[in-house]
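> These protein sequence lines are chains B and D, in that order. Note that my numbering has the first sequence beginning at 33, numbered continuously upward. Note that my numbering has the second sequence beginning at -5, numbered continuously upward.
What the hints contain is simulated information worked out from the structure, not anything from laboratory work. Each residue gets a CB set at the ideal place from its N, CA and C atoms; glycine is no exception. Each statement offered as a hint is correct.
Examples of chain B residues lying across from chain D (beta carbon under 7 Å, computed): (1) Val77; (2) Gly83; (3) Val199; (4) Ile212.
The residues making up each chain are set out below.
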Amino acid sequence: MTAASAKQLSQGMARRLLQLLGVVLGVAVINFFLLRLAPGDAAQVLAGEAGAATPEYMLALRHQFGLDQPLLVQFGKYLLNLAQGNLGFSFRHGMPVAQLIAERLPATLLLMGASIAFAVLLGSALGVLAAYRAGKLADVVISTLALLFFATPLFWIGLMLVVVFSVWLDWLPVGGMFTIEAGYTGWAHCLDVARHLVLPALTLGLFYMAVYTRLVRATMIEVRRQDFVRTAVAKGARPLRVLFAHVLRNALLPLVTMLGVQVSSIIGGAVLVETVFSWPGLGRLAFEALFQRDFNLLLGILLCSSVVVILVNWLVDFVYTRLDPRIRLR
Amino acid sequence: MKQNKLVRLFGRAALALGVVLTAGQAGAQTHGGTLTAIIQPEPVILTSALNTAAPTGFFSANVFDGLVEYDNNFKLHPALAQSWDVSKDSKTLTFHLRHGVKWHDGKPFTSADVKWTLENVWKKFHPRNQIIFGSVTSVDTPDDYTVILHFSEPSLAVLSSLNSNGAQVLPKHLYEGTDVLNNPYNNKPVGTGPFVFRQWSRGNYITLERNPDYWDKGKPYLDKIIFKVVPDAGARAAALETGEAQYAPFSPVPLKDAERLAQLPRLKLETRGYDWISPWLFLDVNVDRPYFKDVRVRQALAYALDLNAFNKVVWYGFGKPAISPVVSTLTQFHSEDVPKYGYDPKRAEALLDSAGLKRDADGVRLRVNLDYLPYGDDYKRSGEYIKQALKRIGIEVSLRAQDTPTYTKRIYGDRDYDLSVVWLAGFADPLVGVTRAYGSDSIGKNIPWSNGSGYRNAEADQLIHQAQNSASQSERIALFKQFQQRVQTDLPSIPLLELHFFTVQATNLKDTVSGVDQIYSSLKNAWFDTAPKLAQTAP
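Use the sequences and the hints to build the structure in full.
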């Protein structure tokens, strides 16, 4: 690597970091004031749930939450906390926001990882198969299934899976992350979690699996017609090598783009699945925080997910350069 | 095949015999077993001394005892207080506390805990207790087991609110000198109750274990209770159906699913245990709207509603048409002698005509909005039923949906609404739960579940005030009857139904209802006839 390109790279990094900082600040500012537009506040929600309230009780709550201070003072305090890496305190839960997020993060990552792995692996495999059998029975079946999963609402698939596999067949648990009353440890616990993971990961992954199948099928068919593939075949490369080194690698770019979108959007998509399967993840936490007007918590989650989106975008850019050397990071 | 059937038949007969036998002999309850209950929504905090939300109350009664307990006939029984007496002028209330009770951390429970909690929690933070403990001027604790309350004015409603939900005693040694609302023990409670708190995994579950040193010897019977958070109604039904959960309170599944679940041999519906809450569903009318100022218009609304059909169609019979905000199960306070508004659409139309609301060219007399309580489908369908019913007498209703904070702010803060469908808990004394919907001092102050109609009536206010400070229970009863007469004549809120909530539970879970406040009281009497099978999972 020459000195000039190293300099260019470090400049690029600096620019990216600055960009990250700007986005985080923007997200904080916009969300802070946007969320305040929602009618009602956390004290009102709490009093509403209590089923009864007096003016003194409401005052005590508002004071406890710091809602009795001017909005700008609240905002200043929030920014000051943020600058120190402190996401604030969720009064509703009586816990620091960072701790709440950290508690829920492993469950979300597990669900996300499993569903993405499922969607990518099965989606591309089916896509390749359909492309190689284009117009034949296998292609028709795969394409029809993909269309079906593409069009069916997530929560409905989830509920149907529960009805079939949990209630009728009694093969898999209805919901939750593990069997609490059994108190498994070690491998038994892992297996237990895996059993609980199957249905939610499947539900969450099916839609993207369908997307990947269609995407891979379409690009594969297109790439296979290109000259360099014909050249590879002509020079006597084995069919599998043609598939993996020449066709698939070139067909992967759109898949990576879509993967970036999936990873970024998964917190939003997880709300439904986490609710249907009682999965203790971040999506539900964010959703509930909105209805409870727990803005510190919601802001914390939004900030974290915006950082995730940016990081994933960087990663996608990087993967592009690995897949296609013609693309450069700038 | 045949043999199988026969075996099953014998099995059932044996089971039935077993049930008869156990019912016949007292004390045949078996110890052991883990109960998985569904708690929904997830509680905010785990002590109902600070937050009286339903899930918190349902959970925390297992960790905290009340001063008294209820039986199934509204009769009080000793709990932490072994006895209590009210002075002749009703201004002094003395509790004699149980000896030898220990907090879960081993410290002794004494009168100092009661005094501290009353002065620092019930009077300051408890959302309902300020009205009944507000007139306590001083609390004496002559010894560790006696608490004497001195009132400036009599406050007989106190006696209706001394169970675990109304008067939860907090451990002074863990709370004194701390910021009570942010005390970490709010979320890892230390009580005196039958079960000891173990763990709260947020968004997931809360676990309790049997308290081996519980003062009520031999109880509780269950080894463990797991409260699972299951946010989706379909998933709740599935968990109950497969036996993964065995107990779910507060109408956990949609009414239309309830009947199906009740048909299953392993499940049953239980509607007892909610009487202390005394819930009533009503139609709040914003009396500040010019067209609703005339009492004839409000009466017309009442005449237009066929509450029997409403109960059957919308609530699947899980209710009873209401004639007063004080429900009929509160036999002492409930009044039959109130103006009644049976279904009579012709009369409704006549009243509207006489009030000057004539039909226009489209046959419409009035266009209004209706906001329904955003607590699920049942309230939405209630709104739809009312829309249909009022259309018949020429009132065009459009329904508005929103989330809970928006709803409470609209009704109780901005008062920017016409009609609203809502239910409130009336509790065992109308002063605790009913009069808040009619007293004029809370109007428009943005206090959820207070006076939403905007009803201002000097006589009603006066009656409430008198009932609050009367020293004689019979006088209070007379005052409350007069009060019901007044508000049912003026009709700022139209009572619709006395709601019957239900619990879905496993049939082999016994003795789950031991009082009218069961839903806010502990499961110390519950036991499994046959232990539940663990969900068949990993080896």
